[in-house]
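A.B. asks: Go ahead and model the full structure; you've got the sequences and the hints to work with.
Same order as they appear, the protein sequences are chains V and U. If you count the first sequence from 1, position 34 lands on 30 in our numbering, and the numbers rise without skipping. If you count the second sequence from 1, position 187 lands on 879 in our numbering, and the numbers rise without skipping.
One or more of the hints may lead you astray.
As the list claims (entries may be wrong) - A few chain U residues that face chain V, going by a derived Cβ cut-off under 8 Å, partial list only:
id, residue
1, Met726
2, Tyr734
3, Glu760
4, Arg850
Since the hints were derived computationally from the structure, they do not count as laboratory data. C-beta atoms are modelled at their ideal positions from N, C-alpha and C, and glycine is treated no differently.
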Amino acid sequence: MSGEHAEIRELLALFAAGALDAADESRVVLHLASCAECSAELERWQQISGGLRRLPTPQPSAALFERARVMATEQLMQHAARKRMRATFILLITFAWMVTLAGWPIFRFATGGFLSLLDIHFRQLWLLFVFFSAATWLAGGSAAVLLSLRRQQERRFA
Amino acid sequence: MTGSFTLVREGGLGIDAAVAHLRRGDPDALATLMARYQNRIYRYLLRLVHQPADAEDLFQQTWVRVAEKIQSFDTSRNFDAWLFTLARNLAFDHLRRTRPESLDEPVSADSPEDTRLSRLAASGPGPFEQLLTRERAGRLAMALENLPVRYREVLTLRFEEEMKIEEIAAVLSAPLSTVKSRLRRSLEQLRGALEQANPGEAWS
Chain V
-3 MSGEHAEIRE LLALFAAGAL DAADESRVVL HLASCAECSA ELERWQQISG
47 GLRRLPTPQP SAALFERARV MATEQLMQHA ARKRMRATFI LLITFAWMVT
97 LAGWPIFRFA TGGFLSLLDI HFRQLWLLFV FFSAATWLAG GSAAVLLSLR
147 RQQERRFA
Chain U
693 MTGSFTLVRE GGLGIDAAVA HLRRGDPDAL ATLMARYQNR IYRYLLRLVH
743 QPADAEDLFQ QTWVRVAEKI QSFDTSRNFD AWLFTLARNL AFDHLRRTRP
793 ESLDEPVSAD SPEDTRLSRL AASGPGPFEQ LLTRERAGRL AMALENLPVR
843 YREVLTLRFE EEMKIEEIAA VLSAPLSTVK SRLRRSLEQL RGALEQANPG
893 EAWS
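C.D. replies: See below:
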């Protein structure tokens, strides 16, 4: 048995499986043209490959398909609802911050005119205003984060 | 294997319209994809876990997981490979819980006394001339069923799902060389099992 013959023989199973690269495939084809023994061996591998390709396909029942479809659709809807909720949440926070930040200058402008913004007491009041707003939103934000973490945990253990 | 389907452009890549619609949360697209892949996914799961009840459970879990994870699907990847990877992960998690021993790496058939060499040395007829017949297909299915799960998997992906070696490598997250050697060993072991079970049968 020559070295080439033995090497080609090793490749025949993968050749029948269509899993060789182009170079090896060419080598096998070339060898097969002059080797009856390898051709017979290849035929056996092809019978196995062909048999595997023709195995009957088990099919899921219509009821299983429907169950899976309903469950997956529900998951899809939940995901979309969560996404919508997140978007609404972000929109509301952005809006709230805008109102908070713009509230004080607008209030001062409406009650005392634009010049009162330069009032000597403005800076202290403004700081107080910012402090209380930030504290409120920090508390609100922390509560939202904690709630979302808890929901994630609940989903994980569900 | 699969019907014709349209491709749409998303992120500069052509991807299946149903996949693109599913990414936007369309339940009809989910039903379309399920109808297209149901037989393949169910067959793959059944080959991995054997038990129809387990395969059915995993089938449902796979589609729920698809709905859950479709947003994270990288459109530059092959959808088939992504889908089969999801199914595979679920099946292997299940096997790890219920039959951890079934996931042990199969013993290499490369020793000098292996079935391949003894088979090559053997002369005379073999059992494969009429695999087309139902009886032989049944024997082949049984021999396949008795192979280690990693061998069954690579055989079903190559011959039943008709995946290319590159696609199988993507599903298995393994190098091409590993896929090829596993495929060769699985074929050799399958042939050895068939010969052992049917020693008297003639070759074609």
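A.B. asks: Each of the hints needs a verdict: does it hold here or not?
C.D. replies: Right, here's what the structure says about each hint:
Taking 8 Å as the C-beta contact cut-off toward chain V, the hint placing U:Met726 at the interface holds, the least distance being around 6 Å. For U:Tyr734, the interface hint holds, the least distance from its beta-carbon to any beta-carbon of chain V being 4 Å, beneath 8 Å. The interface hint given for U:Glu760 is met, as the beta carbon of that residue sits about 5 Å from the closest beta carbon of chain V, less than 8 Å. Evaluation of the U:Arg850 hint against chain V yields a held restraint, the C-beta minimum of about 6 Å falling below 8 Å.
Checked against the numbered hints listed earlier, the structure breaks none of them; every hint is satisfied.
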